[in-house]
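*Asks:* Here's the letter readout for the chains.
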Amino acid sequence: MGIVNMDKIKKVSFHMMRAFNILLIAIPLILLLQWLFISIKTTDLSPLINFFGLFEKEVLTPEGLVNLSNAVWTLPLKALGFFAELIGLMPFLISLFILKSIFNDYQQGTIFSVANAQKYKKLGWISFIDALIIKSCSNSLLVLAVTLTNPPGHRYLTLAFGTPNLKALFLGALLIIISWVMLEASKIYDEQKFTI
Amino acid sequence: MAIIVNIDLMLAKRKMKSQDLAEAVGITPQNLSILKTGKAKAIRFSTLENICKCLGCQPGDILEFKSSEENNENSSNNN
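Residue numbers (the working numbering), protein chains in the order written: chain X, 1 to 196; chain D, 1001 to 1079.
No wet-lab data here; the hints were simulated from the structure.
The structure displayed is predicted, hence computed values, not measured ones.
All C-beta atoms, glycine included, are put in the ideal place defined by N, C-alpha and C.
Please note: incorrect hints may appear among the correct ones.
Part of the chain D face toward chain X, derived, beta carbon under 8 angstroms [what the hints assert, rightly or not]:
(1) A1002
(2) I1003
(3) A1024
(4) I1027
(5) I1034
(6) K1036
(7) K1039
(8) I1043
(9) R1044
(10) T1047
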């Protein structure tokens, strides 16, 4: 029975790693496409093409919601916008790398190990840093990119800390607690492994 | 480690192979090796009982306590 379950874990881990690989390529690619065609409106296209809200994305500035397709975009501003969003995505992409590594361990049959527990801890800290610093920085840069072509006095550099950040903070704390439980579990597993 | 496992000594006295002992006790040769090399963190009473039965000895013949000071002295004498 145990071996059957282990086989299932290995099979699921293989598929999960595949999914993570696809996401690691697809997400930056979608972001790049979004910023290459940032000025395109859905009225120019079939609504079917606007999957994932790829076009006409909106961002909240101190002057209200701004449709990115209506903003004035120069190439450096586009690059700034792209990098602002890429910075915001970095914690997620790094988390995907860590998750890939965790599932790679599962595929090798290593489930309760100190290394795995530490990887969960890393995920927790990434979520924490994302909530505290990166989300705010990314949003500030994006608002700056959108409002930089505005007349003087209407250009903004904002720093926001709201409920989305609290969710990530909660998730981070939860992951750190789970990693601690996993670390204790791996110690118990080691104890049992060396009990003859 | 303060607890020394003297299975090798007992096996030599009984002219018995590790493989045979592992089979008779019902543990894997790998686990017996863990026990012999002192990597084990604990030993079940049932395992100890089976080893004693197979080797015809007492637990004290297999397990020995050496304080860390004694271990240090021994190693410095060897040097």
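*Asks:* Now look at each hint and say whether the structure bears it out.
*Replies:* Status of each hint after checking the structure:
1. A1002: Constraint on A1002 of chain D not satisfied, violated at 16 angstroms.
2. I1003: violated, 13 angstroms
3. A1024: Cβ of A1024 of chain D sits 14 angstroms from chain X, so the hint is violated.
4. I1027: holds, 6 angstroms
5. I1034: holds, 6 angstroms
6. K1036: violated, 10 angstroms
7. K1039: holds, 6 angstroms
8. I1043: Check passed: Cβ of I1043 of chain D comes within 5 angstroms of chain X, closer than 8 angstroms.
9. R1044: holds, 7 angstroms
10. T1047: This hint holds: T1047 of chain D lies near chain X, its Cβ roughly 5 angstroms from the closest one there, short of 8 angstroms.
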